[in-house]
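*Asks:* Going line by line, the protein sequences match chains B and U.
Final position of the first sequence in my numbering is 256; the numbers increase by one with none missing.
Final position of the second sequence in my numbering is 327; the numbers increase by one with none missing.
Some clues are possibly wrong.
[Claimed, not checked] Computed list of lysine-lysine pairs in BS3-like fashion (alpha-carbon distance at most 27 Å, straight line):
#, chain 1, residue 1, chain 2, residue 2
1, B, Lys29, U, Lys290
2, U, Lys54, B, Lys245
3, U, Lys260, B, Lys253
4, U, Lys203, U, Lys69
No lab work stands behind these hints: they were computed from the structure.
The lines below spell out each chain.
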Amino acid sequence: MNIIVCIKRVPQTAEADVKIAESKKDIVKERLTFDMNESDSYALEEAILLKEKYGGSVTVISLGYPDTEDTLRIALAKGGDLAIRIKAEELGEIDGYKTAKILSSVIKGLNYDLILTGCMATDDGYSMVGQTLAESLGITHATLVTKLEVVDKKLQVYRELEGGLLEHLELSLPALVTIQTGINTPRFASLIAIRRAAGKEIKTIGKSELPSDFDTNTTLEELYLPPVGKRAEILTGSADEVATKIAGIIKEKGLL
Amino acid sequence: MAEIFTLVEHRQGTIRDITFELLTLGRRIAQSLNTKCTAILLTDDAEKFINQIKTQADRIIVMENGLFKDFNAEVYQIALAEIFKKESPFLVIIGHTAMGMDLGPALATNLNIPFSTDCLDVQVVDNKLRVIRSMYDGKLNAKILLKDNPSYLITYRSGSIPVEMASLNAEVVKMETPISAQPEYRRFIEYIEAAVGAVDITKADVIVSVGRGIKDKANLPIIEDFAKAIGGVIGCTRPVVDAGWLPKEHQVGSSGKTVKPKLYIALGISGAFQHLMGMKNSDTIIAVNKDPNAPIFNEADYGIVEDLFKVVPVLKNKILELKQAKG
Ligand SMILES: Cc1cc2nc3c(=O)[nH]c(=O)nc-3n(C[C@H](O)[C@H](O)[C@H](O)COP(=O)(O)OP(=O)(O)OC[C@H]3O[C@@H](n4cnc5c(N)ncnc54)[C@H](O)[C@@H]3O)c2cc1C
Ligand SMILES: Nc1ncnc2c1ncn2[C@@H]1O[C@H](COP(=O)(O)O)[C@@H](O)[C@H]1O
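Bound-form chain U, shown alone (with noise of 0.2 Å):
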């Protein structure tokens, strides 16, 4: 059987957590395959990561060179290639990040071999690999059947697998690096971190955060009121700051900060998996969302099924009586 690899995931000379996950999935499909578990690792400094993750694959086929510093998408297509053309895999999983989303796709599309994006889980019967996605606003999950092939890649959802750590001794495979600069097409130039705001809302034990249910940059001083109520910071969904009604340091998510207060409520925001893999660490969570089919009612402890603007200022008076009784 044909082995099934994993991609390491680095970024400013840390292995991210996805890698781990991967490997986790990658063992356990392998196992029931009875086939290897080979972790794929492009890197400038070889030793350092080998260190990290030979106890967790059967194999690591490594590439080291300093144009795999920072991640290049035409880089990494051309080494990866001529890897999976040597090695021919069954199954490729890239992490459902922002590296993988910008690789995935144009290297199955390059291997020509059929492909899925954003996987929860992965089956595979007789040869036949189905996934289970997320689709309409994670109202639903489909299944998928890919069409019938010797390989097929996928990139999977971070959080979707508890990671365990194997306690293995990696066969070290090292290969020469098929490309000496970054094309001219494409070059990585920098990166330039997120500015730093105002407030830090990591810092907060509790966290009033609001998405598109407010409907308007007008409604926020109730929100505001509120929050000052509780003693908390103010934080959103993406929207909220596409739209310019908070600024980004607000925005809590894939793409912002990552919190784990000891309370948090959610305002109108219906949970995406990018919102909820910022907040679902957080100790008590409170949605309040006038859809009762909302997904952020499968990540929160408490839900009230009711128009936000019906709750919060009473829900902000009774804090206040309590407030004052105890004060």
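Next comes chain B alone, as it looks inside the complex (with noise of 0.2 Å):
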């Protein structure tokens, strides 16, 4: 079975201070720490393991900048066998869905049964790139996947929907699967195997590689900070003092 995982290279912003650019068309990445998105995480834990139990191969591409490199390379010392980064400095504007149409020109002319994604990148929070891939490559697809298994040369998916209820679905091949968090438990990479990635080639597609030029559909405007709705009120002082109020608010409420 030969897989191709999909990686996002994304900033870390759950618990930074995020700041706008002064374009307001992007944040301030400098202070920012870069890994690869969690889900994805899950994704190529997930191609790993069928590779482990099927054989094949494990392709992992992005679209990204070239410290993307940093992230396929731990992707390549986890179990991958090839890397590619199609060079998003050299592509201008970016968004979902031309991101999605530029994979699926450079992954059409690869040999593949099974492409993974995550469900979501956690700094856009499109949840698109996958579905969209997958209509532009003409293949089938199922989203918000929390557990797989190949019978059969078919995919058998359940899709975890609201509730936790699943749906169970059947996939012929070859087919893409966005993975939601919870699949599997992710490896970390060891100290020698990432060594040993460290002199592994990453295979770089330039523009001038592509066979077109590639359009977004959407134009970010501006970035701006969340209306703040019903604000919470702050409690500030020492721990004892914001305790002594919390305990008073909680009884207060009859709730002791």
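Could you fit the two chains together into a complex? Lean on the hints.
*Replies:* Now the structure itself:
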């Protein structure tokens, strides 16, 4: 089974101070750390598990800037066989649609049975690149998958819906599946493997090697701070003081 | 002016709440553009569902077929593409739900129309479509202009618009289903209910809920002690379940439980909308997070910007003191 995994390198913003750049069209990236998108690391693990079971190869592909190669090397260290970086620095403004179309133009020429992506990139939160890629390649897809089995060349996939309800589907290969977090336990790359991967070549593809120009579907006009809704009353003071206030509130509500 | 289409979402024989949010939005946009809001209903039981939405749209386009009983994105795509080609709507609105996520992007790609996912708001000016979306873990909003086109498609975030009920009398238009069987390459097999766990957190008055901020499973006893002191049960975010720190039945949010306790204490939880959807209707929400910009503070009633490990033990002792004084 030959598997392609689409990986995005994203800024880790959950705990960071996210500042808007002067252009208002991007964030200030300087002091942020970057890592493999969370659901992509589950997708990668799932691909490696399938390879270990059925043989074949795992190719990891990313549209990203040069430092994306660090992330791709980690993927190689974990068990990926081949890594491809499409050079974002040559491709101008990019949105989810253009990403999917570019990925599709490159993946079209590869030999694959299954494509895995994450279910959502945590930076843009689109949840669309996988499905758009599948449709562009003319293959079927399923999103938000938390369990996957191969039986007689068919995929049994389980999508996780609202409330944790599972939807069991059967897909024919080739197919694209977007992986939801929690499907497995992503492994850590060993130090030896990381060292070995440091020397591996990463294939790069530039604008001139793509079959055509690609357009975006959308233009980001402006980033801004979300309007504060019912902003919480922030309690301040020493740990002892805030704890006293909170305990008072809880008591007042009759909850003790 | 071409119409505004909203897709009716149903599962296991029930229309889902998002449908009425989409119809509220659809009517609002249709009114401002002086056009019609049309509900698209793909169902195995037209009469039952038409009755429930007849007052909420100007028109209902319905395809009735056993194939639509259980959602299959490929079947829906073929049916919706047929309706779209006959009707050329200005805007198709689908919920940003497990169903809409599976369907929307591929459908828009198939129809070759500009689209945007997970929209919080929609503005139409001079036939141009602008949407507002949330980015970077809910820390920023983005204003996005879609490429000029006669038709657009969006998926819309649930909980973004208060539902209003209309009193219309929709014209019902029936259309033939353009497909007679599930395609061989994607077949729906069955639904599997979430396993029932040892605790039912939806019944609790007090929930002490933990997120990735607790850092390690080894820190759980601190939280358990606190929950015991205050008489609450433990809830958590999805990453806590993903990491195997707590069983799934503790998970609060869109893909977990929806809870409405008297008191919800969020510890080290950032406040992603998928989590908020499961707890924002709690009576009182108290959040402890060391990041002053965490979105959870926009939903909470009281906030403490501090390391949870500094606050929780002290708070536990205060609660015990108060309880003793009372007893
Ligand atoms: C389709 C779909 C469905 C989903 N369903 C759900 C769902 O049902 N429920 C759910 O919860 N999520 C769900 N998610 C995931 C969701 O998008 C978020 O990733 C998740 O809610 C984040 O969890 P978190 O707040 O624990 O982690 P993070 O976002 O990483 O936040 C951790 C927080 O802890 C704070 N923190 C760190 N250390 C400390 C400390 N010592 N003291 C105080 N604060 C600290 C940080 O400032 C940060 O705000 C879903 C996602 C998708 C795509
Ligand atoms: N630039 C990219 N390069 C490779 N894969 C990507 C890229 N952007 C998104 N993806 C894949 O598509 C998934 C969904 O992303 P999104 O639609 O942006 O939420 C991600 O989890 C990745 O697997």
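*Asks:* Are Lys54 (chain U) and Lys245 (chain B) close enough, with their CA atoms no more than 27 Å apart?
*Replies:* 51 Å, violated
*Asks:* Hint check: Lys29 (chain B) vs Lys290 (chain U), CA-CA at most 27 Å. Holds or violated?
*Replies:* With a Cα-Cα distance of about 21 Å, the restraint between Lys29 (chain B) and Lys290 (chain U) holds, given a limit of 27 Å.
*Asks:* Are the Cα atoms of Lys203 (chain U) and Lys69 (chain U) separated by 27 Å or less?
*Replies:* Distance ~31 Å between Lys203 (chain U) and Lys69 (chain U) Cα, so the pair is violated.
*Asks:* Measure nothing beyond the straight line between the CA atoms of Lys260 (chain U) and Lys253 (chain B); if it is 27 Å or shorter, mark the hint as holding.
*Replies:* Roughly 15 Å separates the two Cα atoms, so the pair holds.
Of the numbered hints stated above, those contradicted by the structure are hints 2, 4, listed in ascending order.
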